[in-house]
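Starting from the known structure of chain A, arrange chain B on it as the hints suggest.
Protein chains: 2
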Amino acid sequence: MKNEKFMPNLYVALIHYPVVNKRDEIIASALTNLDLHDISRAAKTYGVKSFYVVTPLADQKILAKKIIAHWTGGAGAVYNPARRSALELIKVKDSITDVAQDIAGLEKSYPKTVATCARRYPDSIGYTEFRDIVKSGTPHLLIFGTAWGLAESTISEADFVLEPITGTTGYNHLSVRSAAAIILDRLLGHGM
Amino acid sequence: MKNEKFMPNLYVALIHYPVVNKRDEIIASALTNLDLHDISRAAKTYGVKSFYVVTPLADQKILAKKIIAHWTGGAGAVYNPARRSALELIKVKDSITDVAQDIAGLEKSYPKTVATCARRYPDSIGYTEFRDIVKSGTPHLLIFGTAWGLAESTISEADFVLEPITGTTGYNHLSVRSAAAIILDRLLGHGM
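The listed protein sequences derive, respectively, from chains A and B. Per the working numbering, the first sequence starts with residue 27, numbered consecutively. Per the working numbering, the second sequence starts with residue 27, numbered consecutively.
It is possible that part of the hints are untrue.
When chains are identical, the list treats them as one kind, so a pair holds in a single copy or across two.
Here are the simulated BS3-like cross-link-like pairs (lysine-lysine), alpha carbons at most 30 Å apart as the crow flies [said to hold, decoys possible]: (1) Lys-48 - Lys-117; (2) Lys-91 - Lys-161; (3) Lys-48 - Lys-91; (4) Lys-92 - Lys-48; (5) Lys-161 - Lys-75; (6) Lys-161 - Lys-117; (7) Lys-75 - Lys-119.
Honestly, the hints are just simulated from the structure, not real lab data.
Only chain A is shown next, with the shape it has when bound in the complex (with noise of 0.2 Å):
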């Protein structure tokens, strides 16, 4: 398998609000530790430009920050460089609004955004369409939603939906960290 030095020009972000829980409620979810250290890995192993980590809550923000200065600046990034290079890529924001403007402000256009989803929408994109959108260069945020998954208001609201990740078994309860790593494989491995 050849693996091209292909830097895609794709950013992710985790969203904790508004996503929803168990009976399709809105809520802001609470951070959970690994998503930030097994998102940050998937990022930096396959290019991806900035992980961004959405919550407005301002105690779960300081969370994210103490996480992510332990690791880059404090004793784990002596401990673990690795590590550290990896959970450098994250950046902390309120809301994907906050996210695209950052991104305008790099980039010097918005980015298309890219919801994901456990559920097939009919106008669903599949992975080797969004590999050539990707290929284009122009600048995409790939979306995941914490709790249950993101809000329907985030998803209509998006310019593509990803297909679901479906293995063989109709089972589709994937963590959202494991799909991140899949969803990454699939658009930028095997030397895209």
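For chain B alone, coordinates are given in the frame of chain A:
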């Protein structure tokens, strides 16, 4: 993308001993709760028959069984049946030898073992090759290491070593949760 229902004759093991630490010394690692959740959910998604959590440490076996019991028979099973059906795939064993014997009891033949590693070996097999091997229907055991990875002895005793996951950047420090998800998707995803 088509999604034929192919049920692989595949087992997964997550090893906590013998694995290596940062200084390449043999250690027994502690259990990580989310390893059990994430890898069992990925295993369930891709039709893996059992997910073995391997540790010889008595307290760690008790901890593993406590986590599994909570989600398969306790309050967690009622709260989240999807989690229940994933964690029901987990079996706790002392060693890879015990895992192989358990599989032999079920399959009437010992599984071929496939070690995973972030380093490339001269005789590593690729994903396409391993897909074809899995399609043969003979039982295979895919082995993942916690901490800094499997001990050299486990890798050299395995029937096959799978080539490492390469992204686009040369960074090869995925979590074992992410690596397991990506490898299962590469082997069994896309309607194999």
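Do the hints match the structure? See the list:
Within a single copy, Lys-48 and Lys-117 get their C-alpha atoms as close as 28 Å, and across copies as close as 28 Å, so both meet the 30 Å cut-off. In the homo-oligomer, the alpha carbons of Lys-91 and Lys-161 never lie at most 30 Å apart, since the shortest distance is 32 Å inside one protomer and 46 Å across protomers. For a Cα distance limit of 30 Å, the shortest separation of Lys-48 from Lys-91 qualifies both inside one copy, at 28 Å, and across copies, at 26 Å. For the identical chains of this complex, Lys-92 and Lys-48 are neighbours both inside a copy (29 Å) and across copies (24 Å), given an alpha-carbon limit of 30 Å.
Taking the closest pair of Cα atoms, Lys-161 and Lys-75 come within 30 Å of each other only inside a single copy of the chain (14 Å); across copies the shortest separation is 37 Å, beyond that limit. For a Cα distance limit of 30 Å, the shortest separation of Lys-161 from Lys-117 inside one copy, 24 Å, qualifies, whereas the shortest one across copies, 43 Å, does not. Proximity of Lys-75 and Lys-119 under a CA criterion of 30 Å is satisfied intra-copy only: 15 Å inside one chain copy versus 41 Å between copies.
Hint compliance for this structure: hint 2 alone is broken.
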